[in-house]
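Chemist: If you want the building blocks of each chain, they are given just below.
Protein chains: 2
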Amino acid sequence: MLTRVKSAVAGFMGGIMTGGGSGGGGGNSGSDLPLKFPYMRPEFLGLSPDEIECSADHVARPILILKETRRLPWATGYAEVINAGKSALNEDQACCEVVVARRRPMSYCPPSTPSKTPTAKRRNSLPNGEGLGLRLEHNRTCEDSEGLVFHYWALFDGHAGSGAAVVASRLLQHHIAFQLQVVIEIIRNLHALPPAVMGEEPDNTPYLQGNTPGPHRALTRAASLRGASGAPSSPSNTPPPPRFYTEKKIQHESLVIGAIENAFKEMDVQIEREKHVYNISGGCTALTVVYLLGKLYVGNAGDSRAIIIRNNDIIPMSAEFTPESERQRLQFLGYMQPHLLGNEFTHLEFPRRIQRKEVGKRMLYRDFTMSGWAYKTIEDEDLKFPLIYGEGKKARVLATIGVTRGLGDHDLKVHDSNIYIKPFLSCCPEVKVYNLMQHEHGADDVLVMGTDGLWDVLSNEEVAESITTFLSNCDPDDLHRYTMAAQDLVMRARGVLRDRGWRITNERLGSGDDISVFIIPLMYGNRVPCEPGFKELKGLLDSKTQ
Amino acid sequence: MLTRVKSAVAGFMGGIMTGGGSGGGGGNSGSDLPLKFPYMRPEFLGLSPDEIECSADHVARPILILKETRRLPWATGYAEVINAGKSALNEDQACCEVVVARRRPMSYCPPSTPSKTPTAKRRNSLPNGEGLGLRLEHNRTCEDSEGLVFHYWALFDGHAGSGAAVVASRLLQHHIAFQLQVVIEIIRNLHALPPAVMGEEPDNTPYLQGNTPGPHRALTRAASLRGASGAPSSPSNTPPPPRFYTEKKIQHESLVIGAIENAFKEMDVQIEREKHVYNISGGCTALTVVYLLGKLYVGNAGDSRAIIIRNNDIIPMSAEFTPESERQRLQFLGYMQPHLLGNEFTHLEFPRRIQRKEVGKRMLYRDFTMSGWAYKTIEDEDLKFPLIYGEGKKARVLATIGVTRGLGDHDLKVHDSNIYIKPFLSCCPEVKVYNLMQHEHGADDVLVMGTDGLWDVLSNEEVAESITTFLSNCDPDDLHRYTMAAQDLVMRARGVLRDRGWRITNERLGSGDDISVFIIPLMYGNRVPCEPGFKELKGLLDSKTQ
Numbered sequence: 003m004l005t006r007v008k009s010a011v012a013g014f015m016g017g018i019m020t021g022g023g024s025g026g027g028g029g030n031s032g033s034d035l036p037l038k039f040p041y042m043r044p045e046f047l048g049l050s051p052d053e054i055e056c057s058a059d060h061v062a063r064p065i066l067i068l069k070e071t072r073r074l075p076w077a078t079g080y081a082e083v084i085n086a087g088k089s090a091l092n093e094d095q096a097c098c099e100v101v102v103a104r105r106r107p108m109s110y111c112p113p114s115t116p117s118k119t120p121t122a123k124r125r126n127s128l129p130n131g132e133g134l135g136l137r138l139e140h141n142r143t144c145e146d147s148e149g150l151v152f153h154y155w156a157l158f159d160g161h162a163g164s165g166a167a168v169v170a171s172r173l174l175q176h177h178i179a180f181q182l183q184v185v186i187e188i189i190r191n192l193h194a195l196p197p198a199v200m201g202e203e204p205d206n207t208p209y210l211q212g213n214t215p216g217p218h219r220a221l222t223r224a225a226s227l228r229g230a231s232g233a234p235s236s237p238s239n240t241p242p243p244p245r246f247y248t249e250k251k252i253q254h255e256s257l258v259i260g261a262i263e264n265a266f267k268e269m270d271v272q273i274e275r276e277k278h279v280y281n282i283s284g285g286c287t288a289l290t291v292v293y294l295l296g297k298l299y300v301g302n303a304g305d306s307r308a309i310i311i312r313n314n315d316i317i318p319m320s321a322e323f324t325p326e327s328e329r330q331r332l333q334f335l336g337y338m339q340p341h342l343l344g345n346e347f348t349h350l351e352f353p354r355r356i357q358r359k360e361v362g363k364r365m366l367y368r369d370f371t372m373s374g375w376a377y378k379t380i381e382d383e384d385l386k387f388p389l390i391y392g393e394g395k396k397a398r399v400l401a402t403i404g405v406t407r408g409l410g411d412h413d414l415k416v417h418d419s420n421i422y423i424k425p426f427l428s429c430c431p432e433v434k435v436y437n438l439m440q441h442e443h444g445a446d447d448v449l450v451m452g453t454d455g456l457w458d459v460l461s462n463e464e465v466a467e468s469i470t471t472f473l474s475n476c477d478p479d480d481l482h483r484y485t486m487a488a489q490d491l492v493m494r495a496r497g498v499l500r501d502r503g504w505r506i507t508n509e510r511l512g513s514g515d516d517i518s519v520f521i522i523p524l525m526y527g528n529r530v531p532c533e534p535g536f537k538e539l540k541g542l543l544d545s546k547t548q
Numbered sequence: 003m004l005t006r007v008k009s010a011v012a013g014f015m016g017g018i019m020t021g022g023g024s025g026g027g028g029g030n031s032g033s034d035l036p037l038k039f040p041y042m043r044p045e046f047l048g049l050s051p052d053e054i055e056c057s058a059d060h061v062a063r064p065i066l067i068l069k070e071t072r073r074l075p076w077a078t079g080y081a082e083v084i085n086a087g088k089s090a091l092n093e094d095q096a097c098c099e100v101v102v103a104r105r106r107p108m109s110y111c112p113p114s115t116p117s118k119t120p121t122a123k124r125r126n127s128l129p130n131g132e133g134l135g136l137r138l139e140h141n142r143t144c145e146d147s148e149g150l151v152f153h154y155w156a157l158f159d160g161h162a163g164s165g166a167a168v169v170a171s172r173l174l175q176h177h178i179a180f181q182l183q184v185v186i187e188i189i190r191n192l193h194a195l196p197p198a199v200m201g202e203e204p205d206n207t208p209y210l211q212g213n214t215p216g217p218h219r220a221l222t223r224a225a226s227l228r229g230a231s232g233a234p235s236s237p238s239n240t241p242p243p244p245r246f247y248t249e250k251k252i253q254h255e256s257l258v259i260g261a262i263e264n265a266f267k268e269m270d271v272q273i274e275r276e277k278h279v280y281n282i283s284g285g286c287t288a289l290t291v292v293y294l295l296g297k298l299y300v301g302n303a304g305d306s307r308a309i310i311i312r313n314n315d316i317i318p319m320s321a322e323f324t325p326e327s328e329r330q331r332l333q334f335l336g337y338m339q340p341h342l343l344g345n346e347f348t349h350l351e352f353p354r355r356i357q358r359k360e361v362g363k364r365m366l367y368r369d370f371t372m373s374g375w376a377y378k379t380i381e382d383e384d385l386k387f388p389l390i391y392g393e394g395k396k397a398r399v400l401a402t403i404g405v406t407r408g409l410g411d412h413d414l415k416v417h418d419s420n421i422y423i424k425p426f427l428s429c430c431p432e433v434k435v436y437n438l439m440q441h442e443h444g445a446d447d448v449l450v451m452g453t454d455g456l457w458d459v460l461s462n463e464e465v466a467e468s469i470t471t472f473l474s475n476c477d478p479d480d481l482h483r484y485t486m487a488a489q490d491l492v493m494r495a496r497g498v499l500r501d502r503g504w505r506i507t508n509e510r511l512g513s514g515d516d517i518s519v520f521i522i523p524l525m526y527g528n529r530v531p532c533e534p535g536f537k538e539l540k541g542l543l544d545s546k547t548q
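Top to bottom, those sequences are chains U and S.
In the working numbering, each residue carries its 1-based index in the first sequence increased by 2.
In the working numbering, each residue carries its 1-based index in the second sequence increased by 2.
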């Protein structure tokens with residue numbers, strides 16, 4: 003995330019080359035705490051320490067791709083390149099796995115304890131979970147059919163250190179699995195809507211509200227309030243009284259969305275909690291794709307982006323969260339909790355800095371309620387720095403950070419002050435759903451995930467055009483074609499090194515940022531049965547490790 | 003707004019028939035204050051007191067239309083019908099005018115003083131502005147060319163009394179004119195962007211930021227903060243120092259949007275202020291259309307709706323603000339300011355009321371960060387009534403109100419409590435812009451504005467189909483065709499009275515709510531010159547009063 007954080011970047015001091023465990027997971031200068039995880043490149047790339055070292059060449063900027071001998075689920079393609087020098091390490095991280103969430107007894111609900119997954123067993127590099135909240139059960143087999151299998155792809159774009167991005171790339175999928183565990187049976191039972199109260203029969207009582215017009219019902223609020231919560235409990239063996247209240251019907255899909263939302267939150271809580279024990283530097287954006295029971299769930303917290311390219315149409319699957327797109331939310335917060343602005347910032351926005359001599363003049367401004375602009379008379383108070391300032395990629399919250407959602411950043415402060423940034427950041431993703439079963443997909447229909455290094459220099463249309471053209475020139479049976487397309491895309495966004503820097507087509511500036519790209523073909527989603535059991539999972543895992 | 007407010011409706015006691023000055027402007031039972039304005043129907047309908055009396059027949063529900071002898075700007079069509087009995091009076095109000103905003107000296111900026119307009123002079127029924135904040139200058143002529151002419155259409159849907167709707171229908175256009183006054187010259191000068199500081203030359207200095215990469219610049223925030231606001235002022239006769247800060251370029255359009263946004267706010271402030279002097283009952287939604295310099299600005303605060311029908315395509319020009327669409331904003335507010343919930347409500351949402359005996363079980367919920375649902379263990383705290391409750395038209399904030407933006411409602415409380423609703427309501431409109439000059443418009447291309455009584459029973463597609471079919475069967479030269487189409491539309495939404503109530507096609511229930519509809523042909527917008535002066539206005543006014 004180029005130029006996205008000022009202060010902490012300056013304090014960056016992790017080692018450049020890793021291989022060992024003391025690499026760039028660091029970031030907080032002077033932290034004596036051990037790293038939570040060593041700096042790494044995505045495990046599925048299968049890089050040797052030497053290869054990782056070579057990949058961090060800021061001048062050559064080699065594009066790393068998935069080796070032909072390796073397979074990701076659905077023949078997913080992947081490519082990445084390091085930045086042009088803005089940080090020693092590649093602060094992007096990626097993850098792609100097939101995960102099993104196992105049914106969890108309802109009585110067993112410890113907070114933020116990620117689930118065991120079979121993939122965890124396969125990875126020798128994964129720590130044994132001490133202090134991670136990971137519950138590894140090596141003795142349990144994968145053969146029980148009580149699990150729910152989901153496919154998972156994720157990109158993380160770190161800033162001010164790679165610690166948070168590395169941790170999130172190793173653990174977020176387990177938080178999702180954990181959140182799904184409690185609702186496995188409800189989600190799998192497509193014949194009944196999720197019950198309001200877990201364990202109770204779904205409410206099939208016809209709505210009684212239809213017989214009583216709205217205003218009369220509404221007038222009885224106070225009565226129903228008392229009646230509902232204050233009424234003596236019926237003995238449990240008498241039939242329940244008819245329900246005179248409305249009940250909102252919740253769809254299965256909403257439970258998956260809620261699980262992903264809460265998983266992001268729990269991941270963030272875990273980072274905050276474990277910062278006291280480990281050195282987890284910086285923060286990161288998170289873009290995840292979960293495939294479950296025929297649907298893709300795209301969760302985004304940050305400024306990475308996912309689009310679907312289907313039959314040459316572009317379907318945006320995420321929206322970026324930036325100081326500009328979230329201005330009104332942040333101004334509203336600053337207005338309501340002015341102490342968060344530390345007497346140094348104003349929640350108002352101005353088109354530029356105000357000079358003291360301009361007090362008394364009328365200047366353009368906008369408040370949290372406005373999308374337009376108006377003039378106001380400048381007062382002393384307006385000389386404070388605006389909470390949101392700058393445009394486009396230079397826009398900043400509290401003059402510090404250029405992205406407004408993500409994980410980590412708990413210690414990030416405004417330079418030379420005691421003002422924390424975190425209260426203005428949200429770890430909550432926006433989740434969009436795409437029903438794979440509602441469409442037929444050809445071999446060239448794909449979902450593209452990219453960090454902002456890609457999208458800063460290429461538009462949706464350019465990306466779609468590039469991929470479509472590339473794929474149409476490949477052998478449709480070549481499973482490596484999606485990785486080749488990802489490589490081509492990263493090349494187009496990075497460009498070539500000339501006298502005056504990295505250049506792409508039409509002499510435009512190439513991206514100097516880290517760039518990471520997944521290209522996920524969608525046709526495999528159509529071929530997967532709605533409720534995949536372990537056999538299917540096993541097949542996928544086998545193909546993955548061939 | 004049918005069934006939208008419970009408590010205050012019960013207290014409604016304004017007289018049914020008006021004609022005089024003591025009609026339905028009332029609403030607060032027991033208010034001894036005089037009415038701000040008498041209850042009325044839109045002035046442009048030209049109804050006699052007898053006609054107004056007949057129009058309030060809740061059984062016959064006659065559809066009122068613009069008389070053939072009367073013209074609105076652009077041959078706008080209008081029709082309305084009263085509700086089926088939910089309130090004695092028609093709580094919808096409408097306004098359509100051509101307004102002149104005159105240049106206001108910069109030094110003259112009293113807060114919330116609406117401008118004089120020539121239309122105000124024509125209306126004998128308009129009070130002389132005493133106590134209104136209206137500044138009428140009868141001695142000034144309309145002939146000066148320093149004014150800015152805008153066309154204005156507005157619908158207001160009242161609840162809990164018609165006072166706020168009547169006041170807003172009489173005054174909101176003046177607030178818009180007032181806000182525009184200060185920026186007239188800036189808006190008219192299309193050759194220069196609005197200056198950041200009023201009166202200064204627009205900043206044409208090339209950006210210097212391009213030469214210094216972001217992170218380095220950002221690091222100097224503290225320094226620039228001091229340098230900019232703390233630097234000693236230069237003597238005014240020395241050339242200004244080069245600007246080393248960025249300056250956001252604001253478009254003319256943004257100033258019009260800001261003017262409309264602030265006009266809504268000032269209208270709301272005026273209602274609050276004058277409630278101490280006048281009896282201004284209830285609250286209202288507001289949907290306004292302003293045509294200015296070739297563009298339509300559609301401002302919406304509430305659940306009325308505007309769509310454009312162009313060449314059979316539907317272009318939504320507003321989005322409804324309801325407890326469901328604004329849930330997350332309201333929950334966020336309730337979470338941050340829990341005292342607003344008065345210990346009776348919880349900011350969490352549940353799919354239904356919880357019974358005390360269910361404490362300890364796991365129930366579906368969602369918080370302000372979530373769009374999906376998850377299960378949580380029920381605690382005593384969760385027995386409180388949810389801040390947002392119900393679905394669709396039955397959704398309520400604080401069990402009271404079904405719309406979340408609008409004007410008035412300052413005294414509205416939760417039934418039998420001291421919890422105010424107003425902090426959760428916003429008077430701020432969302433403004434969407436449509437550039438008339440970018441499209442050719444035929445005689446059947448229209449903008450449709452309707453209160454929720456229309457859209458509750460007819461979809462956008464049904465409305466478009468209905469209007470397009472109707473207009474294609476009319477003489478294109480008949481200027482009354484848009485009113486006939488509006489009448490047809492209101493008829494389709496109201497239906498006919500059968501044994502079991504009002505029925506529309508396919509035996510569906512007709513709308514029992516007040517229904518008001520403007521149909522505005524767009525081709526006249528193309529024909530109006532970009533900067534209309536007074537001559538054009540005069541012609542329009544003449545045709546209006548023929």
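No lab work stands behind these hints, which were simulated from the structure alone.
Since the structure is predicted, the reported quantities are computational estimates derived from the model, not experimental observations.
We treat Cβ as the ideally placed atom computed from N, Cα and C, and that holds for glycine.
Check each hint, because a few of them may be wrong.
What the hints assert, rightly or not - Here are the simulated lysine-lysine pairs, DSBU-like style, with alpha carbons at most 30 Å apart:
| # | chain 1 | residue 1 | chain 2 | residue 2 |
| --- | --- | --- | --- | --- |
| 1 | S | Lys395 | U | Lys250 |
| 2 | U | Lys396 | U | Lys415 |
| 3 | S | Lys359 | U | Lys378 |
| 4 | U | Lys415 | U | Lys386 |
| 5 | S | Lys359 | U | Lys251 |
| 6 | U | Lys434 | S | Lys378 |
| 7 | S | Lys363 | S | Lys297 |
| 8 | S | Lys297 | U | Lys378 |
| 9 | U | Lys434 | U | Lys297 |
What the hints assert, rightly or not - Some chain U residues near chain S, calculated using beta-carbon distances under 8 Å:
| # | residue |
| --- | --- |
| 10 | Ile65 |
| 11 | Leu257 |
| 12 | Glu263 |
| 13 | Lys363 |
| 14 | Gly444 |
Chemist: With reference to the structure, classify each hint as holding or not holding.
Modeler: Okay, the hints, checked on the actual structure:
1. Our distance criterion of 30 Å between C-alpha atoms is met by Lys395 of chain S and Lys250 of chain U, whose separation comes to about 13 Å.
2. With a C-alpha separation of about 18 Å, the suggested pairing of Lys396 of chain U with Lys415 of chain U holds against the 30 Å cut-off.
3. For the given pair, Lys359 of chain S sits about 56 Å from Lys378 of chain U by alpha-carbon distance, which is inconsistent with the 30 Å threshold.
4. Between Lys415 of chain U and Lys386 of chain U the CA atoms are separated by roughly 17 Å; this keeps the pair inside 30 Å, and the hint holds.
5. Restraint check: the Cα-Cα separation between Lys359 of chain S and Lys251 of chain U comes to about 22 Å, which is no more than 30 Å; the hinted pair holds.
6. Using a Cα cut-off of 30 Å, the hinted pair Lys434 of chain U and Lys378 of chain S holds, with the two alpha carbons roughly 23 Å apart.
7. Restraint check for Lys363 of chain S and Lys297 of chain S: not satisfied, since their Cα atoms lie roughly 56 Å apart, outside the 30 Å limit.
8. Distance restraint check for Lys297 of chain S and Lys378 of chain U: the Cα-Cα separation of roughly 25 Å lies within the 30 Å cut-off, and the hinted pair is therefore satisfied.
9. For the proposed pair Lys434 of chain U and Lys297 of chain U, the alpha carbon gap of about 10 Å is at most 30 Å, so the pair holds.
10. A cut of 8 Å between beta carbons decides the hint on Ile65 of chain U: the least distance to chain S is about 24 Å, and the hint is violated.
11. About 6 Å separates the beta-carbon of Leu257 of chain U from the nearest beta-carbon of chain S, less than 8 Å, and the hint is met.
12. Hint status for Glu263 of chain U: holds, given a least beta-carbon distance of 5 Å to chain S, under 8 Å.
13. Because the beta carbon of Lys363 of chain U sits about 5 Å from the nearest beta carbon in chain S, less than 8 Å, this interface hint is met.
14. The criterion of a C-beta within 8 Å of any C-beta in chain S is not met by Gly444 of chain U, whose closest approach is roughly 29 Å, and the hint is violated.
Comparing the model with each numbered hint stated earlier shows that hints 3, 7, 10 and 14 do not hold.
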